[in-house]
Each structure stands twice: as structure tokens, then as C-alpha cells.
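Using the sequences and the hints, build the whole thing.
Top line first, the protein sequences correspond to chains A and B.
At position 5 of the first sequence (counting the first as 1) the number is 5 in my numbering, and the numbers step up by one without a gap.
At position 37 of the second sequence (counting the first as 1) the number is 37 in my numbering, and the numbers step up by one without a gap.
Worth flagging that the hints you see were computed from the coordinates, not collected in a lab.
Heads up, some of the hints might be wrong.
[Unchecked claim] Listing some non-contacts, in silico: residues in chain B with all C-beta distances to chain A over 10 Å: (1) T13; (2) G16; (3) T26; (4) H41; (5) L43; (6) L45; (7) S67; (8) E72; (9) T102.
[Stated by the list, open to error] The calculated SDA-like cross-link candidates involving lysine to any residue, where the alpha carbons are at most 25 Å apart (straight line), are: (10) K107(A) with V60(B); (11) K107(A) with T100(B); (12) K11(B) with K68(A); (13) K107(A) with G63(B); (14) K107(A) with G58(B); (15) K60(A) with S85(A); (16) K107(A) with R68(B); (17) K60(A) with P107(B); (18) K107(A) with D54(B); (19) K107(A) with R110(B); (20) K107(A) with H41(B); (21) K52(A) with T112(B); (22) K52(A) with R110(B); (23) K57(B) with G43(A); (24) K56(A) with D101(B); (25) K107(A) with T86(B); (26) K56(A) with Y104(B); (27) K68(A) with R110(B); (28) K107(A) with T102(B).
Even for Gly, the Cβ is constructed at its ideal location relative to N, Cα and C.
The chain contents come next:
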Amino acid sequence: GNSVTQMEGPVTLSEEAFLTINCTYTATGYPSLFWYVQYPGEGLQLLLKATKADDKGSNKGFEATYRKETTSFHLEKGSVQVSDSAVYFCALSDRGGGGADGLTFGKGTHLIIQP
Amino acid sequence: DAEITQSPRHKITETGRQVTLACHQTWNHNNMFWYRQDLGHGLRLIHYSYGVQDTNKGEVSDGYSVSRSNTEDLPLTLESAASSQTSVYFCASSSGLRRTDTQYFGPGTRLTVL
Numbered sequence: 001g002n003s004v005t006q007m008e009g010p011v012t013l014s015e016e017a018f019l020t021i022n023c024t025y026t027a028t029g030y031p032s033l034f035w036y037v038q039y040p041g042e043g044l045q046l047l048l049k050a051t052k053a054d055d056k057g058s059n060k061g062f063e064a065t066y067r068k069e070t071t072s073f074h075l076e077k078g079s080v081q082v083s084d085s086a087v088y089f090c091a092l093s094d095r096g097g098g099g100a101d102g103l104t105f106g107k108g109t110h111l112i113i114q115p
Numbered sequence: 001d002a003e004i005t006q007s008p009r010h011k012i013t014e015t016g017r018q019v020t021l022a023c024h025q026t027w028n029h030n031n032m033f034w035y036r037q038d039l040g041h042g043l044r045l046i047h048y049s050y051g052v053q054d055t056n057k058g059e060v061s062d063g064y065s066v067s068r069s070n071t072e073d074l075p076l077t078l079e080s081a082a083s084s085q086t087s088v089y090f091c092a093s094s095s096g097l098r099r100t101d102t103q104y105f106g107p108g109t110r111l112t113v114l
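Structure, rendered in C-alpha cells:
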């Protein structure tokens with residue numbers, strides 16, 4: 001079946017540091033890949049997505065590139081801010097490719113940015 | 001603006017009681033989903049619906065049911081609440097069925113079963 005693996009954290013960084021959150025996946029088909037962000041007390045918001053190999057998704061200074069050869073979709077940001085403190089979820093959608101309907105999520109990475 | 005809302009936002013109930021969590025979306029999306037979020041598990045799919053009168057089981061459907069009588073609502077019912085169902089529940093919706101389509105999430109309901 002499908003699965004998503006990501007570092008769980010907490011990951012603690014200082015403001016303006018470089019961020020990488022690793023995400024790797026296993027899928028039976030050709031999935032689309034997503035990063036969602038959950039701020040404290042809120043629901044999940046789509047941060048970015050990529051739907052085919054070598055696509056780069058980007059939003060709010062965050063980027064992730066769909067790497068089919070390494071089955072990865074790592075999230076990066078060049079300079080983090082305190083307001084980026086949240087839980088980040090990597091997810092895949094494989095509908096029509098033999099995978100389950102709905103999204104398959106990683107366990108989430110709790111990011112803490114210190115001033 | 002279109003949105004997806006959930007109610008109640010917090011609920012405390014007792015073991016054995018029936019509980020219904022509401023989900024309402026004004027996106028006019030055909031597809032709606034229920035997930036539960038637990039520490040160490042991420043989000044897992046409970047039930048989903050692709051339209052009125054359509055319901056399907058997800059990964060963790062035991063002890064839950066849904067019904068879809070209109071496009072806007074997908075209530076989630078716990079027939080006989082158990083402590084293992086203490087969790088945060090998220091509803092989501094999407095417009096299409098392609099793997100590229102984005103799901104939009106509600107704010108969540110925190111359920112505690114004592």
C-alpha cells in the first residue's frame with residue numbers, strides 16, 4: 001500500500017535559519033504530492049503541491065521538488081520566521097493508480113522557530 | 001467566501017453514547033472526507049463520499065458511520081463512543097476526483113470520550 005515517511009521532530013531552529021523537512025513516499029501508482037501546514041488550534045491548509053516528476057511547488061517562501069527517482073518531496077525554506085512555527089504534513093494522492101481514495105499522510109513534523 | 005465548517009469545535013461525551021459531528025461546506029464540492037488525527041499517526045481516513053447517497057469506508061471506519069443526503073453536509077456518527085475514539089476529527093472536501101485535486105479542510109472537532 002501507499003505510505004509517507006517524514007521526520008517527526010520537534011525540529012527547533014533559530015529565526016532566519018535554513019529549513020529542510022524530509023519526506024519520502026511509497027506509492028503503487030503515480031501520485032500527486034502535497035505539503036499541508038497546521039497552525040496551533042487550526043485546521044490544515046494547503047501549503048504547496050506538485051503533480052508530476054520534477055515539478056516544483058512553491059508558496060510563502062517554501063519550496064519542494066517532486067523527485068521520482070528518489071521518491072522524495074523535501075520541504076525547504078531559506079530563512080524561517082517565528083510565524084512559521086506549526087506542524088507540517090507531507091501527503092500523497094494516488095487515486096486511480098491503485099491506491100486508496102483520500103489522502104495518505106505522514107505523521108507530521110512539529111517545527112518550532114525561536115527568535 | 002466559500003468555506004467548510006465543523007461543529008461542535010469541542011465535545012466531551014461518555015463511553016457508550018451516540019455522538020454526531022457535523023460538517024458543512026459551501027464550496028459546492030461533490031467530494032467530502034472525514035479524517036481523524038492522532039499523535040504519532042498523522043491523519044487517517046475514516047469515511048468519504050463522492051456525492052449524494054454515496055458513502056465509502058476508509059482505513060479506520062469501524063465504529064463510525066456517515067450519510068449524505070445533500071451536497072453541503074456529511075455528518076459523522078459514532079454509534080457507541082469508545083475511549084479509543086478520543087481524537088481530533090477533520091472534515092475535508094474537494095471538487096474533483098483526480099489525484100491532482102486539492103482537498104480543503106475544516107477547523108476540526110476535538111472529541112473526548114470519558
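To see whether the hints hold, each was checked on the structure:
Even its closest Cβ contact with chain A, about 21 Å, leaves T13(B) beyond 10 Å, as expected for a residue assigned away from the interface. Under the 10 Å C-beta cut-off, the non-interface status given to G16(B) relative to chain A holds; the minimum distance is some 29 Å. With a cut of 10 Å on Cβ distances, T26(B) stays outside the contact zone with chain A, its closest approach being about 15 Å. Against chain A, the non-interface label of H41(B) is violated: not every CB pair exceeds 10 Å, the least being about 6 Å.
With 10 Å as the threshold on Cβ separation, the claim that L43(B) sits away from chain A is violated: the shortest Cβ distance comes to roughly 4 Å. Non-interface status of L45(B) relative to chain A is broken: a Cβ of that chain comes within 10 Å, the nearest being about 4 Å off. The Cβ of S67(B) sits about 18 Å from the closest Cβ of chain A, beyond the 10 Å cut-off, so the non-interface label holds. With a closest Cβ-Cβ approach of about 18 Å to chain A, E72(B) is found to remain outside the 10 Å limit, as its non-interface label requires.
The claim that T102(B) is not at the interface with chain A is violated, since a C-beta of that chain comes within 10 Å of its own (minimum 5 Å). Between K107(A) and V60(B) the CA atoms are separated by roughly 16 Å; this keeps the pair inside 25 Å, and the hint holds. At most 25 Å may separate the alpha-carbon atoms for a hinted pair to count; K107(A) and T100(B) meet this at roughly 21 Å. Using a Cα cut-off of 25 Å, the hinted pair K11(B) and K68(A) is violated, with the two alpha carbons roughly 42 Å apart.
For the hint pairing K107(A) with G63(B), the CA-to-CA distance comes to about 23 Å; that is within 25 Å, so the pair holds. Taken as a hint, the K107(A) and G58(B) pair is honoured in the structure, with Cα atoms around 17 Å apart against an allowance of 25 Å. For the given pair, K60(A) sits about 13 Å from S85(A) by alpha-carbon distance, which is consistent with the 25 Å threshold. With a C-alpha separation of about 29 Å, the suggested pair K107(A) and R68(B) falls outside the 25 Å cut-off, and the hint is violated.
Distance restraint check for K60(A) and P107(B): the Cα-Cα separation of roughly 21 Å lies within the 25 Å cut-off, and the hinted pair is therefore satisfied. Between the alpha carbons of K107(A) and D54(B) the distance comes to roughly 29 Å, so the proposed pair goes past 25 Å and is violated. For the given pair, K107(A) sits about 18 Å from R110(B) by alpha-carbon distance, which is consistent with the 25 Å threshold. For the hint linking K107(A) to H41(B), the alpha-carbon distance of about 5 Å falls within 25 Å, and the restraint holds.
Distance check on the hinted pair: K52(A) and T112(B) sit about 40 Å apart at the alpha-carbon level, beyond 25 Å; violated. Taking the CA atoms of K52(A) and R110(B), the gap is about 35 Å. The hint is violated against a cut of 25 Å. Between K57(B) and G43(A) the alpha-carbon distance is near 22 Å, which keeps this suggested pair within the 25 Å criterion. A distance of roughly 16 Å separates the Cα atoms of K56(A) and D101(B); the hinted pair therefore holds under the 25 Å criterion.
Proposed proximity of K107(A) and T86(B) is supported: the alpha carbons are some 17 Å apart, at most 25 Å. Of the supplied pair hints, the one linking K56(A) and Y104(B) holds, its CA atoms being roughly 21 Å apart against a limit of 25 Å. A threshold of 25 Å between alpha carbons decides the hint, and for K68(A) with R110(B) the separation of about 37 Å lies outside it, so the pair is violated. This hinted pair checks out: K107(A) and T102(B) have alpha carbons roughly 19 Å apart, not beyond 25 Å.
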